[in-house]
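Undergrad: Could you put together the complete structure from these sequences and hints?
Chains A and B, in that order, give the protein sequences. Heads up: the first sequence at position 25 corresponds to 16 in my numbering, and the numbers run straight through without jumps. Each number in my numbering corresponds to the 1-based position in the second sequence with 144 added.
Calculated directly from the structure, the hints in this document are not laboratory data. None of the values given here were measured: they were computed from a predicted structure. Treat the hints with caution; some may be incorrect.
[What the hints assert, rightly or not] Restraint ranges, calculated between C-beta atoms of paired labels, are given here:
| # | chain 1 | residue 1 | chain 2 | residue 2 | range |
| --- | --- | --- | --- | --- | --- |
| 1 | B | Cys157 | A | Thr2 | 33 to 41 Å |
| 2 | A | Ala7 | B | Glu231 | 39 to 47 Å |
| 3 | A | Ile8 | B | Ile156 | 36 to 44 Å |
| 4 | B | Cys157 | A | Gly6 | 42 to 50 Å |
[To be verified] One side only, chain A facing chain B, incomplete, derived with CB under 10 Å:
| # | residue |
| --- | --- |
| 5 | Leu(-5) |
| 6 | Gln28 |
| 7 | Gly32 |
| 8 | Ala33 |
| 9 | Pro34 |
| 10 | Phe36 |
| 11 | Tyr39 |
| 12 | Ser76 |
| 13 | Phe78 |
| 14 | Ala80 |
| 15 | Leu91 |
| 16 | Thr92 |
| 17 | Phe93 |
| 18 | Gly94 |
| 19 | Ser95 |
| 20 | Gly96 |
For glycine and all other residues, C-beta sits at the position ideal for the given N, C-alpha and C.
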Amino acid sequence: GQSLEQPSEVTAVEGAIVQINCTYQTSGFYGLSWYQQHDGGAPTFLSYNALDGLEETGRFSSFLSRSDSYGYLLLQELQMKDSASYFCAPGAMDTGRRALTFGSGTRLQVQP
Amino acid sequence: GAVVSQHPSRVICKSGTSVKIECRSLDFQATTMFWYRQFPKQSLMLMATSNEGSKATYEQGVEKDKFLINHASLTLSTLTVTSAHPEDSSFYICSARRASARSYEQYFGPGTRLTVT
Chain A
-8 GQSLEQPSEV TAVEGAIVQI NCTYQTSGFY GLSWYQQHDG GAPTFLSYNA
42 LDGLEETGRF SSFLSRSDSY GYLLLQELQM KDSASYFCAP GAMDTGRRAL
92 TFGSGTRLQV QP
Chain B
145 GAVVSQHPSR VICKSGTSVK IECRSLDFQA TTMFWYRQFP KQSLMLMATS
195 NEGSKATYEQ GVEKDKFLIN HASLTLSTLT VTSAHPEDSS FYICSARRAS
245 ARSYEQYFGP GTRLTVT
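TA: Structural data, given as structure tokens:
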């Protein structure tokens, strides 16, 4: 079976740092993706971890610990435009489909 | 870049009618396309996976006779919601992945908002 947990809402101020955690239980796990979605828009790919450790892409970083079934997305120097929903998505090998399962999403509100 | 389009972006239909949504990969060949639905402030729920030239694989609980998926070419997949009812009103999003891509590289379309009255 599969399960995913991430916080439902996070609020922070401009310029701050925010960490969004994700714990998962996924059969056939092969990697963890993160997506951003603004209201009414399509998800856009942010980051991916296949191996343990930190991946840095500009202001965004993502971390994975396979042994703990845990990952997080770190957003630095927050900007108002970062207000959006963020989804972690563990990838699973399932009959060769390599489908993604999205978490419930974390709604980030950046305040001035 | 990799661009995926969806048409229409919004559709309003009457209960009992059928609606077809198109998903196109504009600048790459997509061997696999995924269809998701999303209710307000909720997550994306995978409905089905379609591979070009073969039958779609539906997720548990998704009625294959109600949500007809056709992936007739490497750039086009269609989702037809048959005999739509108000509870089918939702945001439908497709994503596409090219054959040579790493598994996490999915490109999402802009979504189609379906309202059934």
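Undergrad: Take the hints in turn and mark each one as holding or not.
TA: Quick rundown of the hints versus the structure:
no.: 1; hint: B:Cys157 <-> A:Thr2: 33 to 41 Å; verdict: 38 Å, holds
no.: 2; hint: A:Ala7 <-> B:Glu231: 39 to 47 Å; verdict: 40 Å, holds
no.: 3; hint: A:Ile8 <-> B:Ile156: 36 to 44 Å; verdict: 43 Å, holds
no.: 4; hint: B:Cys157 <-> A:Gly6: 42 to 50 Å; verdict: 46 Å, holds
no.: 5; hint: Leu(-5); verdict: 9 Å, holds
no.: 6; hint: Gln28; verdict: 8 Å, holds
no.: 7; hint: Gly32; verdict: 7 Å, holds
no.: 8; hint: Ala33; verdict: 4 Å, holds
no.: 9; hint: Pro34; verdict: 5 Å, holds
no.: 10; hint: Phe36; verdict: 7 Å, holds
no.: 11; hint: Tyr39; verdict: 5 Å, holds
no.: 12; hint: Ser76; verdict: 8 Å, holds
no.: 13; hint: Phe78; verdict: 7 Å, holds
no.: 14; hint: Ala80; verdict: 8 Å, holds
no.: 15; hint: Leu91; verdict: 7 Å, holds
no.: 16; hint: Thr92; verdict: 7 Å, holds
no.: 17; hint: Phe93; verdict: 5 Å, holds
no.: 18; hint: Gly94; verdict: 6 Å, holds
no.: 19; hint: Ser95; verdict: 5 Å, holds
no.: 20; hint: Gly96; verdict: 5 Å, holds
When held up to the earlier numbered hints, the structure conflicts with none and fits them all.
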